[in-house]
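K.L.:
Here is how the chains run, residue by residue.
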Amino acid sequence: MVPVEYYTGLSIILFTLGAVGVLVRRNAIVVFMSIELMLNSANLAFVSFARNYEAMSGQVFVFFVIAVAAAEVAVGLALIVAIFHSKRSIDIDQIHSMKG
Amino acid sequence: MIPDLILFFGLALVVVVSAVGLLLSRNAVYAALNLLINFTAIAVFYLLLEAPFLAMIQITVYNGAIMVLFLFVIMLLGAERLAPGPAMPYQRPLSILLGVILLFEAAYAMFFRSKLGVSPTPVPAGFGSPEAIGQTLFSSYLLPFEVISILLLAAMVGAIVLTMKTRRRG
Amino acid sequence: MFFQETLSQAPQFFGLVPWIVFFPVIGLLFNIAFGKKILERGPAGEKIVGWVASIASGLVFLVSVLLLVSLLGHPEGKTVPLAEWIKIGNFQVNWAFQVDTLSVVMMLAVSLVGTLIHIYAIGYMHEDVRHNGDPGRFGRFFVFMNLFIASMMILVSSDNFLMLYVGWEGVGLCSYLLIGFWYEKGEDGLGNALAGKKAMITTRIGDVGMLLALFVMFWAFGSLDFHTIFEKAPQVAQASPGIILAITLFMLVALTGKSAQLPLYVWLPDAMAGPTPVSALIHAATMVTAGVYLVARSADLYILAPQAQTAVALVGGATALFAATIAVGQFDIKKVLAYSTISQLGFMVAAVGMGAFVAGMFHLVTHAFFKALLFLSAGSVIQGVERGEHHLAHDPKLKKHAKSLGHEFDPQDMRNMGGLRTRMKTTFWVYLIGAIALSGLPPLAGFWSKDEILAEANQLNVAVYVLLTLAAVFTAFYMARQILMVFFGKPRSAAAEHAEESPPLMTIPLMILAALTVLGGVINLPEWHTLEHWIEHTLGAAVHKAEFVMLVAVLSTGLSLLAIVVGWWIYNARRYEAFWAEPAARRPDDPLRRLIGPLFDLWKNKYWVDELYWAVILNPYIALSRFLADVVDWRFWHDWFHDQVLVAGFNRLTGLLAVRIDLGIIDGIANGLGKLAQRAAATLRLAQTGFVRNYALSIFLGVVIILGYLLLR
Numbered sequence: 000m001v002p003v004e005y006y007t008g009l010s011i012i013l014f015t016l017g018a019v020g021v022l023v024r025r026n027a028i029v030v031f032m033s034i035e036l037m038l039n040s041a042n043l044a045f046v047s048f049a050r051n052y053e054a055m056s057g058q059v060f061v062f063f064v065i066a067v068a069a070a071e072v073a074v075g076l077a078l079i080v081a082i083f084h085s086k087r088s089i090d091i092d093q094i095h096s097m098k099g
Numbered sequence: 000m001i002p003d004l005i006l007f008f009g010l011a012l013v014v015v016v017s018a019v020g021l022l023l024s025r026n027a028v029y030a031a032l033n034l035l036i037n038f039t040a041i042a043v044f045y046l047l048l049e050a051p052f053l054a055m056i057q058i059t060v061y062n063g064a065i066m067v068l069f070l071f072v073i074m075l076l077g078a079e080r081l082a083p084g085p086a087m088p089y090q091r092p093l094s095i096l097l098g099v100i101l102l103f104e105a106a107y108a109m110f111f112r113s114k115l116g117v118s119p120t121p122v123p124a125g126f127g128s129p130e131a132i133g134q135t136l137f138s139s140y141l142l143p144f145e146v147i148s149i150l151l152l153a154a155m156v157g158a159i160v161l162t163m164k165t166r167r168r169g
Numbered sequence: 000m001f002f003q004e005t006l007s008q009a010p011q012f013f014g015l016v017p018w019i020v021f022f023p024v025i026g027l028l029f030n031i032a033f034g035k036k037i038l039e040r041g042p043a044g045e046k047i048v049g050w051v052a053s054i055a056s057g058l059v060f061l062v063s064v065l066l067l068v069s070l071l072g073h074p075e076g077k078t079v080p081l082a083e084w085i086k087i088g089n090f091q092v093n094w095a096f097q098v099d100t101l102s103v104v105m106m107l108a109v110s111l112v113g114t115l116i117h118i119y120a121i122g123y124m125h126e127d128v129r130h131n132g133d134p135g136r137f138g139r140f141f142v143f144m145n146l147f148i149a150s151m152m153i154l155v156s157s158d159n160f161l162m163l164y165v166g167w168e169g170v171g172l173c174s175y176l177l178i179g180f181w182y183e184k185g186e187d188g189l190g191n192a193l194a195g196k197k198a199m200i201t202t203r204i205g206d207v208g209m210l211l212a213l214f215v216m217f218w219a220f221g222s223l224d225f226h227t228i229f230e231k232a233p234q235v236a237q238a239s240p241g242i243i244l245a246i247t248l249f250m251l252v253a254l255t256g257k258s259a260q261l262p263l264y265v266w267l268p269d270a271m272a273g274p275t276p277v278s279a280l281i282h283a284a285t286m287v288t289a290g291v292y293l294v295a296r297s298a299d300l301y302i303l304a305p306q307a308q309t310a311v312a313l314v315g316g317a318t319a320l321f322a323a324t325i326a327v328g329q330f331d332i333k334k335v336l337a338y339s340t341i342s343q344l345g346f347m348v349a350a351v352g353m354g355a356f357v358a359g360m361f362h363l364v365t366h367a368f369f370k371a372l373l374f375l376s377a378g379s380v381i382q383g384v385e386r387g388e389h390h391l392a393h394d395p396k397l398k399k400h401a402k403s404l405g406h407e408f409d410p411q412d413m414r415n416m417g418g419l420r421t422r423m424k425t426t427f428w429v430y431l432i433g434a435i436a437l438s439g440l441p442p443l444a445g446f447w448s449k450d451e452i453l454a455e456a457n458q459l460n461v462a463v464y465v466l467l468t469l470a471a472v473f474t475a476f477y478m479a480r481q482i483l484m485v486f487f488g489k490p491r492s493a494a495a496e497h498a499e500e501s502p503p504l505m506t507i508p509l510m511i512l513a514a515l516t517v518l519g520g521v522i523n524l525p526e527w528h529t530l531e532h533w534i535e536h537t538l539g540a541a542v543h544k545a546e547f548v549m550l551v552a553v554l555s556t557g558l559s560l561l562a563i564v565v566g567w568w569i570y571n572a573r574r575y576e577a578f579w580a581e582p583a584a585r586r587p588d589d590p591l592r593r594l595i596g597p598l599f600d601l602w603k604n605k606y607w608v609d610e611l612y613w614a615v616i617l618n619p620y621i622a623l624s625r626f627l628a629d630v631v632d633w634r635f636w637h638d639w640f641h642d643q644v645l646v647a648g649f650n651r652l653t654g655l656l657a658v659r660i661d662l663g664i665i666d667g668i669a670n671g672l673g674k675l676a677q678r679a680a681a682t683l684r685l686a687q688t689g690f691v692r693n694y695a696l697s698i699f700l701g702v703v704i705i706l707g708y709l710l711l712r
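Protein chains in written order, with numbering that gives the first Met the number 0: chain P, 0 to 99; chain R, 0 to 169; chain G, 0 to 712.
Chain P on its own, in the form it takes in the complex (with noise of 0.2 Å):
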């Protein structure tokens, strides 16, 4: 059985990939993939935690996490397709009418 730190250090990298993403990806798409992923470094800390602790509330809050993010998805990609629409373009350096 692999101790419970291996995972913990393989999520924290996976989430430090998945921040470093957000920062350097253009397109707005690979962005949320990004997103996506750190999320679920979180998914894989909470598992291997309720593993090591034998708690299903765990588990419970991984599966709130994925309904959760499913519904991001559904709304973050219905305003990606608006953004399109309106700017013929998915690159979110390009969407910067807040600049001060």
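None of these hints come from the bench; they were simulated from the model.
Predicted model only: the values in this text are computed from it and were never measured.
By construction, the Cβ of each residue, glycine as well, lies at the ideal position given by its N, Cα and C atoms.
Do not rely on the hints blindly, as some may be mistaken.
To be verified - Derived coverage of chain R by chain P (criterion: at least 3 residues anywhere in the stretch with Cβ under 8 Å from a Cβ of chain P; other residues may be distant):
1) 44-53
2) 97-104
What the hints assert, rightly or not - Reference excerpt, derived from the structure (chain R facing chain G, CB under 10 Å, subset only):
3) Met87
4) Tyr89
5) Gln90
6) Leu93
7) Ser94
8) Tyr107
9) Ala108
10) Phe111
11) Arg112
Said to hold, decoys possible - For each label pair, taking beta carbons as the anchor points, the in silico distance ranges come out as:
12) G/Ala679 to P/Lys98: 14 to 22 Å
13) G/Gln677 to P/Lys98: 15 to 23 Å
14) R/Leu151 to G/Gln677: 29 to 37 Å
15) G/Gly689 to R/Ile159: 25 to 33 Å
16) G/Leu685 to R/Ile159: 35 to 43 Å
17) G/Leu685 to R/Arg91: 16 to 24 Å
18) G/Val691 to R/Leu151: 23 to 31 Å
19) R/Ile5 to G/Gly689: 46 to 54 Å
20) G/Leu685 to R/Pro2: 55 to 63 Å
21) G/Asp661 to R/Val160: 27 to 35 Å
22) R/Leu142 to G/Gln677: 48 to 56 Å
23) R/Arg91 to G/Gln677: 33 to 41 Å
24) G/Ala679 to R/Phe103: 29 to 37 Å
25) P/Lys98 to R/Ile159: 29 to 37 Å
Knowing the structure of chain P, use the given hints to seat chains R and G on it.
P.N.:
The following block gives chains R and G in isolation, referenced to the frame of chain P:
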């Protein structure tokens, strides 16, 4: 022990490589495929961690629904590649630097702030089964469960409204 | 014995005493409310208004009589509290009525004389308001008269010095109002108003003395009640005699103002500007005797301060002689009586000053009778002459005579009279009775009271005795002169020739007063001493037992008779007519001037006291006021301090504040803050790139920093 470790590190390698691939791929479709591999590997981790129901959910919801949605949108918009945009020279190195710092911080926390090397005990039978999840979900977490249903409904309505608006405008 | 027992069982009427104030107040309120409406009915309305006031006054007399009856049974008297006025800690002042033998004597005298004068005034004012051309003022006169009766009753019935002071000021106010009754008349159209002002201010000087006396009493005794003060007075006198002396001397100042003694007497002759019933009631019979009552009331204090007694006696004696001499040189019928009043007040003041309180009160009562009689008769004479003048003006046959009268005909000047004996018979006889009483010839009231004062003076203070005796001689002389000039010989003016007798409404009160003048002496005849025993109930040991001294009586009567004979010799009808017949250029104003020229001048001009006051007090005072007003107030305070210092300084200060401080510093700070915010915003705006990834980077930076902080903490 050793086979477990081999399995873990092998899967971990797959997970990290696919995540890096996601970051580096120029084409959005490749990114989506990398993410697909990543999610599948994580589902296997779930199985290892005595969460078979979640593993199934991961496969069906993420791989089956969400990733398909992503690919569908990419195809729909024809936005596999982007035209070169305005340069932000500091953004990339700064992001990577911060990422590295975060990693170091996490490593510091892991090695100096937590007890290492505690082997988990075997879990009772039926842990992580659909029955057990259902027991918890419909007793302790009934209210959040119902709220989630409302959230999903709202997301559905929102998605429809957003896309309808654009159609009318177009 | 039986009489005494009956009286002690007789019903007591002490509870009625507040009505002596309430009745006149009701009367005056009635006349204020309805007087104007009633007067619209003409002479009949005047009768109603006058009789309401008279009945109010008459009811006061009735209550006084009931109190007298009650006192016969209970001579110790009673204090009837009506209301609590002031209460501060232990200090308390009530509005309470002290009914004792002394106050009831005053109540009786004031209400009896007051009622008769009210009735007389109905007739007198009927003509007076028409003569002066404003019949609407009839009601106002009786309102003031009732107010006076109420104030005087408060004064005499009070059981403490503060309430007495209230009455004291109240009668002063009425005096002022009634002196200035015809305020638009007199010299230059404001002579009467000036006379009222003079009376007010002069008595005010005395009232300050009264106030100081009150302060010292409060300080020394902690109370203003008669009872408390008189009880504690012997102890205080033993501990510090200066306090009692100060109180009594301050009261003397008050007395000189109110009772017209030296040196504050100057207002009383001018007060004759008021209608004659006012002169009779206020300035002869009642108000001016308040000072005498005050000293008699404070007898317990005065006997503890012999120096003050001497001072009071000397002031009284000096005033008596001083005023009597001035009266000799006067031509105005009322001025003679005014100086006579001052002189007679001097008699009373001297008496109470010497400690002969009963004699003083006795003379107060008899003087109220005969001086009221004389003033009212003089009023009758004046109106008789005015009637004659009126008759001339409206009779075409006599118009020629009227022109010779000139415009400045003075119906009060005795040189314009003469021969009224046959034309105004009733008036003549009552006037004669009053004059004889004033001259002090037996057996009229004036003789008994004056003689008692002289007998006491002979025993207690010889200097005062000499002064008073000389004053009595002059009194007899000037009364003889007046009678002879007014009533005897031939009329010296057309108006006097056609003078008419007054109506019964005026002559009947005169007759009653004449009867009182004749019989008034019985209240304190020698051997009987009714009044003395009566007042002894109140004043106790302070009463000095009077004795009848035959030598004094004979001497004073003889000297008075001699003075009358001298007067007859100088002013008898034949001689005076011969004097009058001389050419006006060569003839002096009075036969007496030929005999004692400069002295007569001195008396005629009243020793130039008024001029002296003008020169010594008023002119410097006015000059000082002018200086203060023109130089100090106007030029210094207004032109320099106000305009230069205050206004200019303020302008400079506001200029500094507005330009330098406000615009420079305050606005600078406000504008600077605004500019600072603008500049800071311009700088910070650069951070707002609009790129989502930049914002995400900031959030990530924050996460890293916060996580680092939490770990390394």
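K.L.:
I'd like to know which numbered hints this structure contradicts. Please list them from smallest to largest.
P.N.:
14, 21
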